[in-house]
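Residue numbers (the numbering used here), protein chains in the order written: chain A, -19 to 299; chain B, 2 to 591; chain C, 3 to 281.
The set of hints was computed from the structure by calculation and includes no laboratory data.
Every value quoted in this text rests on a predicted model; they were computed, and no experiment measured them.
For each residue, glycine too, the CB sits at the ideal point set by N, CA and C.
Don't take every hint at face value.
[Claimed, not checked] Simulated crosslink set (EDC-like; lysine to aspartate or glutamate; CA at most 20 Å straight-line): (1) Lys242(A) x Asp169(C); (2) Lys242(A) x Asp255(A); (3) Lys156(B) x Asp291(A); (4) Lys351(B) x Asp169(C).
[To be verified] Not close to chain B: a few residues of chain A, all C-beta gaps over 10 Å, as computed: (5) Gly(-3); (6) Ala5; (7) His49; (8) Phe55; (9) Ile133; (10) Val139; (11) Asn160; (12) Ala204; (13) Leu290.
[Claimed, not checked] Between beta-carbon pairs, the in silico distance windows are: (14) Glu241(C) x Gln28(A): 50 to 60 Å; (15) Ile55(C) x Pro247(A): 44 to 54 Å; (16) Arg147(B) x Ile(-4)(A): 51 to 61 Å; (17) Leu158(A) x Glu241(C): 57 to 67 Å; (18) Arg153(B) x Arg7(C): 57 to 67 Å; (19) Gly219(C) x Ser392(B): 47 to 57 Å; (20) Val96(C) x Leu158(A): 46 to 56 Å; (21) Val278(A) x Gly138(C): 29 to 39 Å; (22) Val278(A) x Arg153(B): 31 to 41 Å.
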Amino acid sequence: MGYVTRRLVTFPLVLIGVSILVFVAIRLVPGDSITAMLGTEAGLLTPQQRVALTAYFGLDQNWLVQYWHWLLGLFRGDLGISVAYGKPVLDVIFDRFPLTLELAFLSMIIALAIGLPAGVFAATHNGRPSDLMVRIFAMVGQSTPSFVVGLLIIYMLSVGFGALPTMGEFSPFWKDPLRNLSQLIFPAITLGLAFAASVTRISRSAMLDVLSDDYVRTARSKGASARSVIWRHALPNALIPVVTLSGMEFGYLLGGAVLVEKIYALPGLGRVVLDAILQRDYALLQGSVLFIAFNFMVVNLLVDLAYSALDPRIRLGER
Amino acid sequence: MSPLLSVRDLRVGFGHDPEVNQVVRGVSFDVAAGETLAIVGESGSGKSVTALSINRLVDFGGGRIVSGSVKLKRADNSILDLTAATEPQLTKVRGAEIGMIFQEPMTSLNPVLSIGTQIEESFRLHRGLTGKQARAAAKDALDRVRIPDALRRLKYYPNQLSGGMLQRVMIATALACNSRLLIADEPTTALDVTVQAQIMALLAELKRETGMSMIFITHDIGLVAGIADRVMVMQNGQAVEQGELNQILDHPQHPYTQHLLHAVPHFASGQAARTDGKRDSEASVDPALRVDGLTVRFPVTSGVFRRPAGAVHAVEGVDFDLMPGETLAIVGESGSGKSTTARAILGLTKSTRGTFSAVRQEASARQSQRPVQMVFQNPYASLNPRLSIASILAEPVIAAGGRLDVQTRDRMSMLIERVGLPSNSLDRYPHEFSGGQRQRLCIARALMLNPSVVVLDEAVSALDVSVQAKVLDLLVDLQREFNLAYLFISHDMAVVERIAHRIAVMYAGQIVEIGRAAAVLANPQHSYTQRLIAAVPTVSRRKEHFELDTRQVPSLVRQPGFEPAPADWTHFGADHKARTEAPPYSQTAG
Amino acid sequence: MRILRAIFGHTSGRIGGAIVLLYLVIALLGVMGFTPHDPLMQNRLDRLHSPTITYWMGTDLFGRDVASRLMRGVGQSFTVAFLSVAFASLAGTVLGLAAAWFGHRLDGIIMRLMDVLLAFPAILLALLVVAIVGPGTWTSVVAIGIVYTPIFTRVVRGPALSLKARDFVDAARTFGSSRTYILTRHLLLNLVAPLTVQITLALAWALLTEAGLSFLGLGTQPPASSLGLMLSDSRNLMETAPWLLVFPGLAIMVSILGFNLLGDALRDILDPRMRRSNP
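Isolated chain A, as found in the complex (with noise of 0.2 Å):
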């Protein structure tokens, strides 16, 4: 069975284990549901209000006929009601998805900008000075957690500029994108330094393991010189690692920051998961997380196609 077919049989396998998993973490919240989605208002309902109400949700139903509605709901892209927010729930994530996108995309881009050329140069460079200087930049900035970074910017910030420069209503982007992006550069920025960090070490370890193999010599041998055994020879097969790694980051950022956007009081996905524990919305918290999870295995499924193209012993089968 070829390796890409394997992946597409799986996927839904784990898909299916992941909305049981969402499913059951809402169900086993203590206390009953019509409490937990009313909150306080629950104590005005009248006994036939409530189980009105548990009917019309299908609470009375055992698990497995719960599940297989909101099974089919998900189908039907329906994935309940939002209370907080007092629409579906995927009208609150589509409204929010822009903005999470947007910050993984540039956070991503920092990042392999960054990160990528650093990883490279300390590899060619093992051992000197300036490689010495990539590790510590890229030890550090691995260290250092997002919300530390995004509170000193912040602090910088405002006591460089008084206050920071663009903040208030979000605009997306098709509406006023330079506006826009002056209020998204600094978490890009923020969330981007942690995975350039990333992105540099497991270019620069994959990199020098890469330089030590037998293909690497031989292309020596044949007088390639050493800008095109490192680009030609070397990168590409160094970049498995990288393209993993940076995948799996993306697939986690789509999930939302929920620590930066936080700090940088963003709309985002991760606000929204916030918001729905903290006012314990279970369908939106439900539908978000789900929509996460997806998120995240669409990307590494992506991830590990991208694979089959990049290296033809997976493409075409180990011998």
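For chain A, the structure is supplied; the task is to place chains B and C on it using the hints.
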């Protein structure tokens, strides 16, 4: 006329202090145009570092040339000292004037680039060819190394070709720009013996066609007889002897050369076969091990639902018996099923059908329920690095329900001494021992339970040649002392000749010939055995012409329900039989 | 011990080891209550005091000593990190060994389950657990433990699979060694090195996740102190009292740096691949 390459007092060191940590210590030699120099030595002799210093690839491996000169006469007759050359100068020499091929063809080609791209690169770098011209040149290069269907193979990736084919691709790349010097660093060590013969034949033919010079590096002095004009023997970073091929092989001066030629196993077409322990068909001794119709098949599945689509017939109907005190060698190339046979007998691989019965030796009361023990190929992988030698030797005893008591300790000490290791070994750890010593430890462990049969799976193949000889001597001594029966699995005919009483030749999962060692080696009957023996390099076969043969090992995957025809044997003397071949085996299998 | 000497001989091992040791002392003092001031005592006269001899790191909005709160916070963070990593490494080792040894269907089930868990960003999965159980120290421990279990499962399963295929395990089978013997002496004993590296690195992530949870107000609950909580409190005061941001921020960063450095050093020392290249 000055030689093509002239190396004087070359010294190469590694690490922080290359002056002190020298691996090559003052080597001098010349290579004339059209001449082949063989550099022979064991691991650690500095032969590969010497080779890598010529085109300065040693720089990238952390080595540094401490002193000496490597003077190359270039195509325009100017002389360039490569030890003083700049990197841009060197990239013009590498691939254009000096080509190189390596030991592991499987890892020496870039896995993410197609074969064609990698050959074209040479033409692009040194001839400035691009596009269609480069492609056409690459096809010619593949034709030159006799790869059939070259145009289609250009699109292949390295993992789609066999080791022998990849080594041909390497040769094509190295010679693409008509290099006048080819450095071949153990180019056939990783290959099967028949494939090795093919590569050697190809190198010899290319040498005749192009008039190139060659530096051929090997640990196998038998191999140089077929190809070298001159030989240089290296030991501990120094050239201990060099001279004309015949002079070195027939009148070696240095004791180390003499040792390599005489103490080390060399194939002698059955003349060196063991003469002790004649099989006596009259005596009513039960065999130590009897194997009857052993068959191992691995199911092959296809599709999402893993439907059975057939089976790999790895071992098919193998029968033999093994007498106490006797060695049966199973020889064959990779994929022949010889190791699977061994693993099935030990129960490491499930046999599909067939029976085997091993008879326990009488004698001591503390007998194992497992009369068959095994010694593995890789001495570095077969000892748990985290356990002391005492724990390692105690494991079989504990597994058999015994305890680490005085009796066990006594036996450990006795065996440690018997296999020739210092008596304080028991408290030490595996990493403190060399490869040969570890293999002795494995032998001691296998003997802890007093087995009647020891399976030796390529047990000396990973060792240096002089260590091989000593371990083989030990094995023969132990066999006599404990009346052990050996099942000796090997691809190396020279080693097999030293230890086997009887030989079984396996091909594509079946025994094709079995009999007395001397008879099988001197007078092979099956066409595969003949081909195998013809491919074995020996000191006596000087500059022999090998025929090119591109036959591939047949696929062992069969349709579900396939059953092979029962074996039909032709007998040649009392204890020598071969499968009857009609039609030839190469066509039935496929 | 050989390993301690090796760490000392390794530059980043030395730095990382020193940092970790320093933090362990601080954490221990913090947990046992040996702090310069009572971390909970509010002193209205000394509100938002900048660092002085008495208050090394200044005071917060309620006049509580930042240095004492920081020590207590480090103690809290380390407690959660160590417990959660203990949980994750134990669960991961059992699952990983089971998957590798029994293979086939069990391997498939376990690894797909781990895939399911890995489909959630770490902080989100922790949030989900908190949402179910409600915030608190033990919730954080379980949440972070669950988050890193799949990573340990993978870290154990891979090497265990390759060890299982090694000749010494085959040899053990030919002797008839028991499953327990093979699993403990041949597999587990050889997994100590990669597990040590992974535990060290996981401690760094666990500190990060714990700080994040507390920062969001879903980890340690006030008035108890934790580094994340202190950072969160500093947000609206950073212009007037930057020490509220700088000291906890640095404290988190340096602790993670320490474990990362130590983990890297251990990997260099224990990875047989590295050892082979410089004997």
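Here is how each hint holds up against the structure:
1. Only pairs whose Cα atoms come within 20 Å are accepted, and Lys242(A) paired with Asp169(C) is rejected, the gap being roughly 54 Å.
2. Among the hinted pairs, Lys242(A) with Asp255(A) is consistent with the structure: their alpha-carbon atoms are about 11 Å apart, no more than 20 Å.
3. Between Lys156(B) and Asp291(A), the direct Cα distance comes to roughly 14 Å. Compliance with the 20 Å bound is thereby established for this hinted pair.
4. A C-alpha spacing of about 17 Å is found between Lys351(B) and Asp169(C), which places the hinted pair at or below 20 Å, so the restraint holds.
5. Even its closest Cβ contact with chain B, about 18 Å, leaves Gly(-3)(A) beyond 10 Å, as expected for a residue assigned away from the interface.
6. The beta carbon of Ala5(A) is kept farther than 10 Å from every beta carbon of chain B, the shortest such distance being approximately 30 Å.
7. The claim that His49(A) lies off the interface holds: its Cβ sits roughly 29 Å from the closest Cβ of chain B, which is beyond the 10 Å cut-off.
8. Listed as a non-interface residue, Phe55(A) keeps its Cβ farther than 10 Å from every Cβ of chain B; the least gap is roughly 22 Å.
9. Once the 10 Å rule is applied to beta carbons, Ile133(A) is consistent with being away from chain B; the minimum gap is 39 Å.
10. With a minimum CB-CB distance of about 47 Å to chain B, Val139(A) clears the 10 Å threshold, and the non-interface call stands.
11. For Asn160(A), the shortest C-beta to C-beta distance to chain B comes to about 39 Å, beyond the 10 Å cut-off, and the non-interface label holds.
12. For Ala204(A), the shortest C-beta to C-beta distance to chain B comes to about 6 Å, within the 10 Å cut-off, and the non-interface label is violated.
13. Distance check on Leu290(A): its Cβ comes as close as 7 Å (rounded) to a Cβ of chain B, failing to clear the 10 Å threshold; non-interface status is violated.
14. Taking 50 to 60 Å as the suggested C-beta distance range, the pair Glu241(C) and Gln28(A) conforms, at roughly 55 Å.
15. Against the hinted window of 44 to 54 Å, the Cβ-Cβ separation of Ile55(C) and Pro247(A) comes to about 45 Å, which satisfies the hint.
16. Range check, Arg147(B) to Ile(-4)(A): Cβ separation about 54 Å, and the 51 to 61 Å hint holds.
17. Between Leu158(A) and Glu241(C), the C-beta spacing of about 27 Å breaks the proposed range 57 to 67 Å.
18. A hinted range of 57 to 67 Å holds for the C-beta pair Arg153(B) and Arg7(C), which are about 59 Å apart.
19. Look at Gly219(C) against Ser392(B): about 53 Å separates their beta carbons, and that is inside 47 to 57 Å.
20. For Val96(C) and Leu158(A), the hinted distance range of 46 to 56 Å is satisfied, since their beta carbons lie about 54 Å from each other.
21. Between Val278(A) and Gly138(C) the Cβ separation comes to about 34 Å, which falls inside the hinted range of 29 to 39 Å.
22. For the pair Val278(A) and Arg153(B), the beta carbons lie near 37 Å from each other, so the given range of 31 to 41 Å is met.
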